[in-house]
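J.: Single-letter residue listing:
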Amino acid sequence: MAYVAARGGEQATRQATLLYHALNGPITAATVRAIEQSLPYLVDRVMGEGSLYAPELTALAIAQAGGDLYEAVLLLRAYRSTQPRLAYAETIAQEQMLTTRRISAAFKDIPGGQMLGPTLDYSHRLLRLDVLDDRGATGATDAAAQSHNSRETGTDAELVQADEPAPATYPPVAAWHRLNGLLDPLPERDPVDPAELPDVTRDPISFPAPRAHRLQSLARADTGGVLSLGYASMRGYGLIHPTVNEVRLGYADVNLRHPITGVVFSAGRVRVSQAEVVNTFAEGQAKLALGFTATLGWNEVKTIAGSMLDLEMDSPDAHPAHTEEFVLYHTEPVEASGFCIHYKLPHYVTFSSSLEALRRVLDEQKAEASEQQGAPS
Amino acid sequence: MKLAELAAPRQDYSYGFLDAFAKRELRRRMLKAIAIPGYQVTYASRELPIARGWGTGGLQVTLSLAGPDDVLKVIDQGADDSVNAANLRRFIARMTGVATTTDACRATIIQSRHRVPEERLRERQALVLQVPDPEPLRHVEPNMSRAREMHADADYALMWLSLYEQLVRFKQFIGGASYPVMVHQRYLMSPSPIPRWDTPTLHQAPHLTLLSAGREKRLYAVPPYTDVYPIEFADVHFRVESQADRVCANTGAAHKYMDEVPQPDGTSLFRLSDTGYAEKLIKRLRGETVKIGPTYYDSNGEFYKPGYLKSRDGQDIEL
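These protein sequences, in sequence, are chains A and B.
Taken in order, the first sequence gives residues 898 to 1274; the numbers are from my numbering.
Taken in order, the second sequence gives residues 554 to 872; the numbers are from my numbering.
Isolated chain A (complex conformation) (with noise of 0.2 Å):
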C-alpha cells in the first residue's frame, strides 16, 4: 500500500481503518457497559483529559479507540465540540462535597478527621493470581474467596458495616489555616459570576494567564505529563518538597438554577478529585502559600501534581520546564500527542526545500575545494 498513493489513496484510507476494525473485533453495548463497570479510574482519567464528564460516552470511546487513551480523549473532545453551553453550574465549596475519602499529610489529625475512603494506597501490590482460574474473588460480595484472598495478603477478611454512617461532609482542611491567620481569609461571598468566568474552551489562552485559565487547563492537561513536570519540580528542580495539605475525592452536586423560578436544582452528580498543597516561606517571606488543582473524575496522581505546579508556576525563579506557558502548553494532551503524530504525515515537499538548500551548499563547498586544490600556490 503506498505512502501517497499515485492513485487511490482514498481507498487506501478507509481499508486501513477497516483493517484496523477488522484485527481489534467488533465492539458491542455490552463491551461498552463492561467498560464503565469495570473500569471507573480509566474512564474517569479519560473523562478528565476529554474535559466531558459522560461516563458512558467516554467507555464507547476507550471501546472505540482499542484503550488508546490519546485517541479515546481526542474522540470526547471532538464530540464536546458538537455540543453547545446551556448553562453554568452554581459554585460548589469543598465543605458541600458528598467526601469519599479526605486526608492531609499536614496533620496527624485534621477537624473531621482522616477519612480514607476507598483505596489501593495500603494494599499489598500482589498479582491476585489466583482470579485467572476462577478461584479468586471477582466482586465484594463474595465473602468466602474474600477471605481465601486476603488470607495471602494478610488484610482482614471482610468489608465490615459501620456501626454509623461516616458524614457526607467534611471541612476543608486549609480552613483551619484561614482560622490560624495562617491564609488570607476567603471573600464573603463569590466574587465572579460563572458565566463572566474566562473560559479556556472558548477563549484562547495568553500569558500570564487567569487563573480561571490555569486551573481550567490542569484539570483538562495529560495526567501523564502533568505527573512529570510535576515530578521534575518535587525531585529536585523546583519547590521539592511542599506538603500535601488535603486530597478530596467525592460528588459534587452540578447545581443550576431554574431559569424561570430562580429555583437552585441539582441536575445530577459528577464525581470530582482535588489537591492542595502548602509550601512555607514561599517566596523568601515568611507566609504560606498554597497551590491547587482540581479535575473530573477520580485522578489522585494528576491533582496532587497539578497543584505542586501551580504553586510552582508562581514562584518568580521557577526552573524554565515549571513557568505557566511551558508547563501549560506541553501538558496539552490532545495538542500533544496530535502534533507528535503528525509526523508520520508526508513532508516530501518541505523536505525536498531544505534538501536543496542543503546541495546548494553542498555544492558550491565543493566548487570552492576544487578551486582551491587547483589554484597555483
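These are computed hints drawn from the structure, not numbers from a lab.
Please note that the accuracy of each hint is not assured.
[To be verified] Between beta-carbon pairs, the in silico distance windows are:
(1) 840/B - 911/A: 41 to 49 Å
(2) 698/B - 1084/A: 27 to 35 Å
(3) 916/A - 589/B: 53 to 61 Å
[Claimed, not checked] Here are some, though not all, of the chain A residues that point toward chain B, as calculated from beta-carbon distances under 7 Å:
(4) 1003
(5) 1100
(6) 1125
(7) 1236
(8) 1250
(9) 1254
[Claimed, not checked] Here are the simulated lysine to any residue pairs, SDA-like style, with alpha carbons at most 25 Å apart:
(10) 1263/A - 719/B
(11) 724/B - 1258/A
(12) 858/B - 733/B
(13) 1241/A - 823/B
(14) 724/B - 1252/A
(15) 1241/A - 865/B
(16) 724/B - 1248/A
(17) 1263/A - 865/B
(18) 576/B - 982/A
(19) 724/B - 1265/A
(20) 863/B - 1252/A
(21) 1241/A - 686/B
(22) 585/B - 1105/A
(23) 863/B - 1157/A
(24) 1263/A - 585/B
Since the structure is predicted, the reported quantities are computational estimates derived from the model, not experimental observations.
All C-beta atoms, glycine included, are put in the ideal place defined by N, C-alpha and C.
Add chain B to chain A, keeping to what the hints say.
T.: Chain B only, in chain A's frame:
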C-alpha cells in the same frame, strides 16, 4: 400539537460539524485577520474528529467558510489523493455537502498543506493553508509572549541578524520552506511551510489566503492585493528552489515544483508535485479538451510578475 412536531428534526451534527457559536467566533477572527494583514489572531480552536496537528486549523476555517454552493479542493504536499487530503476532503464534504474537485480553477475553497497550486488563483477563491507553527520568530524567540511584544514593536532585528549569520557561515540564505515574509510592510509572517517556490504567489494575489494553526490557536490572513515580500538584503536576494533540469516523468512538464522520486539505482525521477495540474496535462496529452489556467511560472521558469524575483535558478538576474 405535539412538542416533537414543533421541534426541528433531530440532527446528530450541526451543518459544518462545529456548533454555530464556534463558527461565529471563527468568522469574526477571520475578519479581524483580514483587516490586519499578517497579524496572528488568537482563537479558541475546538477539537475536531481529526488528530490535532493534522490540519485542524485549516479544517476549522474551511468548515466555517463552506456553504452548500462551494466547490472544494483539498491537497497535501500538492497531492489531491494523499492520505490525509483524502480523509479531510471526505469529512468536509460529509459535513457540508460541498462538491469536490481536483481542478484548482474550479474550486472556490482550496485547503492545502504545504503547497500553492501551479495554476494562478483568481478573485473569489480562498486558499486555506494548514499551519503547524504560526510564529516566524520561533527560531529566534521561543517564548510566545515575548515574540508577541516583538511583533507589536515591529522589532525584527533578531531575524535580520539570523539572515546575516547565514551569510557569514554559508555565504547564502539557507531557509527552506516557510521562508519568512513581510506582509503589507508591517508584520513578519510565516507563510506556513510552503516551499520558497510558492512564496511569491502570495504577493498582490487576487485571491484570499487564510492561514490557520489549530494546535497553536492562531490564524492570520493575506487579503487580496496585499504586498508580500520575503526578507532579503538589497545585495543578497531571496531565491526559490531551483527546478532547472527537472522534467516531469509523467507529463514532460518543466519549470514547475517537482517531487523527487528516488530510484533503486541511486538516481532520481521527477514528477509534478501538483497532481491536479498533472492530471490536466495528461488529459491534454491524450487529446481530451481540458481548460488549463495560466501558471505562476511559465515554461521557461519566469515568474508571472516580472521583476518581483531578483534571482532565478540560483543566479541573480541582471535587472
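J.: What are the numbers of the hints that this structure violates, sorted from low to high?
T.: 1, 3, 4, 6, 15, 23 and 24
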